[in-house]
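*Asks:* Sequence:
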Amino acid sequence: MRAGRVFYLLGRVIVVVGAAMLLPLVCALFYREPDAYAFGLAMLLTCSCGLLLGWLCRSHRQEVMRKRDSFLFVTLAWVLASFFAGLPFLFAGSFDNMASAFFEAMSGLTTTGASAMADVEIMPHCILLWRALTHWLGGAGIVLLFIALIQPGSNTGEGAVILKSEYSGNVLAERVAARSEENAAAVFRVYLVLTAACILALRLTGMDLFDTVCHALATVSTGGFSTKNLSVGYFNNPAAEWVIAVFLFLSSLNMALYYLFFVRHRFRKVLRDNELCLFTIITVVATVLITVSLRQNFYQQEGWLYSLRLAFFQVASIISTGGFATADFDQWPDLARLLLLALLFVGGCAGSTAGGIKVNRFHIAFAGAGAQLRSVIRPHSVHKVHYNGHAVNQDALYAVGVFIFLYLMLAAAGCLLLTMMGLDWLEAFVAALTALSNVGPGIGSMGPVGNYAAVPALGKYLLSFLMLAGRLELYTVLALFLPSFWRR
104 MRAGRVFYLL GRVIVVVGAA MLLPLVCALF YREPDAYAFG LAMLLTCSCG LLLGWLCRSH
164 RQEVMRKRDS FLFVTLAWVL ASFFAGLPFL FAGSFDNMAS AFFEAMSGLT TTGASAMADV
224 EIMPHCILLW RALTHWLGGA GIVLLFIALI QPGSNTGEGA VILKSEYSGN VLAERVAARS
284 EENAAAVFRV YLVLTAACIL ALRLTGMDLF DTVCHALATV STGGFSTKNL SVGYFNNPAA
344 EWVIAVFLFL SSLNMALYYL FFVRHRFRKV LRDNELCLFT IITVVATVLI TVSLRQNFYQ
404 QEGWLYSLRL AFFQVASIIS TGGFATADFD QWPDLARLLL LALLFVGGCA GSTAGGIKVN
464 RFHIAFAGAG AQLRSVIRPH SVHKVHYNGH AVNQDALYAV GVFIFLYLML AAAGCLLLTM
524 MGLDWLEAFV AALTALSNVG PGIGSMGPVG NYAAVPALGK YLLSFLMLAG RLELYTVLAL
584 FLPSFWRR
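The sequence shown begins at 104 in the numbering used here and counts up by one.
Do not rely on the hints blindly, as some may be mistaken.
Stated by the list, open to error - Taking CB as the label site, the calculated pair distances span:
(1) Ala300 to Leu147: 23 to 29 Å
(2) Ile480 to Leu333: 52 to 58 Å
(3) Ser151 to Leu561: 27 to 33 Å
(4) Pro341 to Phe133: 28 to 34 Å
(5) Thr308 to Leu509: 38 to 44 Å
(6) Asn491 to Val296: 20 to 26 Å
Because the hints were derived from the structure by calculation, they are not lab data.
Quick reminder that beta carbons are idealized off the backbone N, C-alpha and C, glycines included.
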């Protein structure tokens, strides 16, 4: 194992995290907030640690990581990024313990949106901006951002190995360029354009500039951190709700499709994409069913448009794993809550900022189940599974099945452990599921109008682990627990 190369690159990633603290530092100085020192100290400490680590391992800078090394690098990059990103919360007094600060940072970087802050509205502007910025950095992908900006021009193939480790469970990822560095840069450019468009659209709805920036960063990253305790519902701004819901949907699509559509002009390929079609169908059907449920059982006096707006916003928020809220959906009719719970499993599209199992895996799993059932009826016939016009081999089918199994087992294990820590079993199950799916709000005390402040320290570390596992598509993190991983 090339540990020296791993830690050399980790030093560079840590410096990127430290450099990102400059923006909230400037924000603190602009608003004349005393917490500027917290970001100054955290930035100094983070950059110093990163530079020192890089300097100590400088003799390994010409080495090239292999697949096993990249698994360790990617996992440690996210853990260390979360640790250093949590320092401003700790230094500013937002939290009085590292468990909560680490949880908040991990939730931000993995775009989960679960908050341990009991009252976000008393927080200074710089802290609120930093929370939104961790979303945006994590949505781009700490390692993808690193490949796009820090490692351009590398011909060693190391970028491809690293990128595959960050998205290890994605068996059918769409590419737009032959080289991984160019692919990462193209996706990042799409991300920047979506962010700028969302900021402009929200500003046109009349939202305050600071709130606009924070919510746009959290929307495009499908994160969910808001500047208000009542989330987007605080603003009572229907136009802003429609804008956020639309951009949550757009950000849940494979970023590569935008590049193929607008740059490569591969219109037919994009519009016929199986995952895009299925994702759109699921969103529309869920929105219609919840709208009818709300109109008939909950909002009978407000009209159909009101129910449609609330339904579409919450469907887009959950399926995108954004986690924003405009209403306490924990009080909605059973059908609406059941559908939202189902959407927790689905998630967004592969190659997007969304979490969850991903729509492409559901497409392949259902197609594989259909083929298996047909083979029972006609055992001598050949029944192939197709995805986007191509036959899916048995290895890909097997990988999808294993991923879904591991996903459910991790959610069950998380539920069991959280229940042992004193949480209600149903709240524990939904909390574990939302952490693994990178959604954020659960139910009950951790619902859309609640928070995770009361979760014990050990529970916050457990949920942070689930967030990381979900963000890295399970395999990269779980591989580190195999004894064979550490053998020569």
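*Asks:* Which numbered hints turn out to be false for this structure?
*Replies:* 1
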